[in-house]
Amino acid sequence: MKKKEIKILLVDDEQDILEIVGYNLSQEGYKIVTASNGKEAIAVAKKEHPQLIIMDVMMPEMDGMEACENIRKIPELSNVIIAFLTARSEDYSQVAGFDAGADDYIAKPIKPKLLVSKVKALLRRLKDDAPASENLNVGDIIINREEYKIIMSDKEIVLPRKEFELFYLLASKPGKVFKREEILDKVWGNEVIVGGRTIDVHIRKLREKIGEELFKTIKGVGYKFEV
11 MKKKEIKILL VDDEQDILEI VGYNLSQEGY KIVTASNGKE AIAVAKKEHP QLIIMDVMMP
71 EMDGMEACEN IRKIPELSNV IIAFLTARSE DYSQVAGFDA GADDYIAKPI KPKLLVSKVK
131 ALLRRLKDDA PASENLNVGD IIINREEYKI IMSDKEIVLP RKEFELFYLL ASKPGKVFKR
191 EEILDKVWGN EVIVGGRTID VHIRKLREKI GEELFKTIKG VGYKFEV
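Position one of the sequence shown corresponds to residue 11 (this note's numbering), numbered consecutively onward.
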């Protein structure tokens, strides 16, 4: 996908942040749209269908965490990449961000050049937007890569992009022991730095959504995780 075809939604209640970040990213050739709070972000995302959303956490009317959770529930936006750009750098805040469905968590302040580099790294994931059309069948489970959904006993479960990719990886080789480094490389890409807790959060959400027993069947005795 060419830069001029990539749309980035910036969400922040501080106008100067929108202007500075928007300017630097537009100079790279990306199309920029903006919103000043979580509610507005949801409306703009539905209308514009951005490839990437960069969002603050603390905002009026609706904060970034709640907005992220709501966006992840919208089928047509299930593949959008979401990154928090916030002054809140506490570990628990980062865990909450990933738990809400974020793909990355970037702490302010950050130099414009470094932010642009992070954005480029996040957008490299778009090269995987055309996955193989074949479904993966594991027992009674059908995993549809094109639509990012799982079909179990005639029940459809639609997962956010990273949760789906993690599930697909584990299901592709049931019982295989996956090291954290391998999961981070294959699901998140080695150009983006995330912590081991990111995997733990996604594993926990998968267990909640697809059921503990089914998850054990897929995972076997492979990935050792801590939640």
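Hints should not be assumed to be uniformly reliable.
Derived pair list, reagent style DSS-like, types lysine-lysine, alpha-carbon separation capped at 30 Å [unchecked claim]:
id	residue 1	residue 2
1	Lys215	Lys183
2	Lys14	Lys57
3	Lys130	Lys189
4	Lys130	Lys12
5	Lys215	Lys118
6	Lys165	Lys13
7	Lys118	Lys17
8	Lys41	Lys118
9	Lys49	Lys121
10	Lys215	Lys83
11	Lys130	Lys57
12	Lys17	Lys183
13	Lys12	Lys159
14	Lys83	Lys159
15	Lys118	Lys14
16	Lys165	Lys130
17	Lys165	Lys121
18	Lys41	Lys123
19	Lys165	Lys186
20	Lys56	Lys17
21	Lys189	Lys159
22	Lys219	Lys189
23	Lys14	Lys121
24	Lys186	Lys121
25	Lys13	Lys130
26	Lys123	Lys14
27	Lys12	Lys183
28	Lys56	Lys130
29	Lys183	Lys219
30	Lys17	Lys215
31	Lys118	Lys130
Simulated from the structure, these hints should not be mistaken for laboratory data. Being a predicted model, the structure only gives us computed values, none of them experimental.
Tested hints:
1. Lys215 to Lys183: Roughly 20 Å separates the two Cα atoms, so the pair holds.
2. Lys14 to Lys57: Satisfied, since the Cα-Cα distance of roughly 18 Å is no more than 30 Å.
3. Lys130 to Lys189: Holds, because 26 Å separates the two Cα atoms, which is no more than 30 Å.
4. Lys130 to Lys12: holds, 12 Å
5. Lys215 to Lys118: holds, 27 Å
6. Lys165 to Lys13: violated, 38 Å
7. Lys118 to Lys17: holds, 22 Å
8. Lys41 to Lys118: Satisfied, since the Cα-Cα distance of roughly 22 Å is no more than 30 Å.
9. Lys49 to Lys121: Holds, because 28 Å separates the two Cα atoms, which is no more than 30 Å.
10. Lys215 to Lys83: The given pair, whose Cα atoms are some 14 Å apart, holds under the 30 Å limit.
11. Lys130 to Lys57: Holds, at about 23 Å.
12. Lys17 to Lys183: violated, 35 Å
13. Lys12 to Lys159: holds, 27 Å
14. Lys83 to Lys159: Distance of about 13 Å is within 30 Å: holds.
15. Lys118 to Lys14: The given pair, whose Cα atoms are some 26 Å apart, holds under the 30 Å limit.
16. Lys165 to Lys130: violated, 36 Å
17. Lys165 to Lys121: Not satisfied, since the Cα-Cα distance of roughly 46 Å exceeds 30 Å.
18. Lys41 to Lys123: holds, 18 Å
19. Lys165 to Lys186: holds, 26 Å
20. Lys56 to Lys17: holds, 13 Å
21. Lys189 to Lys159: Satisfied, since the Cα-Cα distance of roughly 25 Å is no more than 30 Å.
22. Lys219 to Lys189: holds, 23 Å
23. Lys14 to Lys121: holds, 23 Å
24. Lys186 to Lys121: violated, 41 Å
25. Lys13 to Lys130: holds, 10 Å
26. Lys123 to Lys14: holds, 19 Å
27. Lys12 to Lys183: violated, 34 Å
28. Lys56 to Lys130: Holds. Lysine 56 to lysine 130 sits at ~23 Å (cutoff 30 Å).
29. Lys183 to Lys219: holds, 20 Å
30. Lys17 to Lys215: holds, 28 Å
31. Lys118 to Lys130: holds, 18 Å
Violated hints, in rising order: 6, 12, 16, 17, 24, 27; the structure is consistent with all others.
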